[in-house]
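Q: Turn these sequences into a full structure, and let the hints steer you where they fit.
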Amino acid sequence: MKPEKNDKALIQVKGLRKRFGEIEVLKGIDLEVRPSEVLCIIGPSGSGKSTLLRSIAFLEAYDAGDVVFDGKLVGYRDDAGRRRLASEKELNQDRSGFGMVFQHFHLWPHLRVLANVTEALRVVKKIGSAEADRIGAEMLGKVGIAAFADKYPEQLSGGQKQRVAIARALAMKPRVMLFDEPTSALDPELVGEVLGVMKQLAQEGMTMLVVTHEMGFAAHVADTVVFMDGGKIIEKGDPGKLFAAPESDRLKQFLNTWRERSI
Amino acid sequence: MTTLDFIATYGPLLLSGLFATLRICFFASLIAIPLGLVVALLLRSRRAALRWIARAYVEVMRGTPILVVLFLLYYGGPSFGLVLEAEPVGILGLGLYGAGYFAEILRAGLQSIAQGQIEAARMLGIPAAHILWRIQLPQMLRLVVPPSINQIIVLIKESAALSIITVPELTKIGAQIANETFAVIQPYLAVALLYWLLIEILAALGHWLERKVRHA
Amino acid sequence: MREKVAEGRMRVSREASMLDLLVKYAPDFFHGMLVTIFVSGSAILLGTVPALALAFGLMSKHPMVRYAANLYRSFWRGTPILVQLLVVFYLLPVIGISVPPMLAAILALALNTTAFQAEIYRAGLQAIPYGQIEAARMLGIGTRHVRWRILVPQTIRLVLPAIVSEIVIIIKNSSLVSVIAVTELTRVSQQMASNSFRPLESYLAAGVIYLLICLLVSVAGLAVENRLRRQGAVSL
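Chains as they are written, first to last, in the working numbering: chain A, 1172 to 1434; chain B, 14 to 229; chain C, 51 to 286.
The hints are simulated quantities; they were obtained by calculation from the structure and are not laboratory data.
Check the hints yourself; a few may be wrong.
Simulated restraints, written as ranges between beta carbons of each label pair [stated by the list, open to error]:
# : chain 1 : residue 1 : chain 2 : residue 2 : range
1 : A       : Asp1234   : B       : Ser29     : 58 to 68 Å
2 : C       : Pro113    : A       : Gly1192   : 15 to 25 Å
3 : A       : Pro1215   : C       : Leu266    : 51 to 61 Å
Built from N, CA and C at the ideal position, the CB exists for glycine as well.
A: Encoded structure:
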């Protein structure tokens, strides 16, 4: 479902800045994500892609600028003109529309697969066991691993683990799914099964913000591709145009190295 | 009596107890560390019988309370010809007990040095004692110093049990003052604070030593 | 007393063999052993939840909480158990609480083991990849639940060997409560020594029993560890 050009943006990032100690990692980012849009962020290591995603999720507290989700500021509150950090409860509210998938899955090893998926349902949404299990099983089925519900994470392959992580995030019915290099830690043969699930989600109209090195996915599934380097957005636009006719030198260089590697 | 009076009256006595404790632990360590090294070497011996004896020693010392060891030596000693004053018995007991723990620490240290280095030295004809002294021990220091400092601290704490076999160390002095004054809080708190201070200083010393050894 | 022993050995008939002695005192030793296990076990169990709380306190964001936690840990790890025992035993009546010696003993040991267990749990908590906490936060799971349903279950499995060591240490340290007249294993052996004039046999018997208890605990610990590992839930 292609997003309409005049849909109001679901996520707005304005002038975002973030520094770690002496180093400024994000140097003023402006970005918009519309409902049902699939936006891929690509770029070399150290460009700040992950930091940008984590700042939107407020896993890192950004130093300046705004992250606005559904019209509300994420992570901070304006208290009589001064900005203060949101409390844990407020932050949970801010994040409640996000679902996030991490590079290293971060499943909880002491819980079985189904329990991983239903934990938040029980604890946060206070859904009863039977209902939670039903939703959990449905999500596992959706990502194609219903058969593994009773296993422990360590018994699964990387691709299977990541699909559990996706199911875990989906179970909470997020409005936006954030993916932080979801396939970077996987063996090459397992990448496809995860990208397949992500493509299916995109086709169902999920709003997705994906940091990735998988150019094929960016080229074929994304509605918008953003190229970052050195903490700034260098180019942004339709993937067809961006990949076929890059304007900036840095993007040309980046795509060349990728093309050479894939030969 | 007020705290100030207490410190003035009993301060010197308590300090003498503290020094007694330090002295006792020092000598106990002089027994425990070399003996521990011997046991550690036995633990790595090629002869199974020696390994077995060493392992038995370590397990006995780690599974028996220090108090029982002290009672055995002090009250049971005469039964097999060991008649010593309380303090030497305490030092001996603490030393034998500590050796069991140092043996494990030193064994791990010995093990951390790649076998290859020792084999190379042997091929060159260097005698075993020389290998130990010049090749193994210097490299072990980094690994062995932190747990050893820790073990010395443990020995200082265990030394309080010596008060039960009447050794006039810090805890016993505290008990004596408590008896005399019928005030129990001040002496025992004072004793606790003195141990605490001593151990904090030792721990800080240990960290300093650790850092020095790491950069050696 | 040692002079009496020397005399006693001459007076007591050498016919009383070690076996006779052991049979005579076996019931007392058994009772003493039970008291030892009870005192140690109670102290360890009592200390577990406070130790977890203290571990979180040591890692707290609030400097005051961290400071208090560090102070507690420093004191209870930096002073001898015997002294702690005496302080607790004599302090309680002074502040108006009158408890039997056994309770004072359990309390002192519990306060002590809390500090040591806290250190063990803290190391375990810090070994868990931070990403698991981030994943939980993104799902909206609050701090309390993150701690008790995600961090603590993994930590306990992770640090089980260290906890078994701590259990053994508490069992050995329980011998010190004999000085406040709790009739545990060591005190029984003291009584046997003074009644029978056979200190060597008495204390050897006590030593052997302590060894057996500690050995059993270690073996049990290994068994639990293996069972948890087979459940497939210990890897990180």
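Q: Each of the hints needs a verdict: does it hold here or not?
A: Here is how each hint holds up against the structure:
| no. | hint | result |
| --- | --- | --- |
| 1 | Asp1234(A) <-> Ser29(B): 58 to 68 Å | holds, 60 Å |
| 2 | Pro113(C) <-> Gly1192(A): 15 to 25 Å | holds, 21 Å |
| 3 | Pro1215(A) <-> Leu266(C): 51 to 61 Å | holds, 59 Å |
When each numbered hint is compared with the structure, no violation occurs for any of them.
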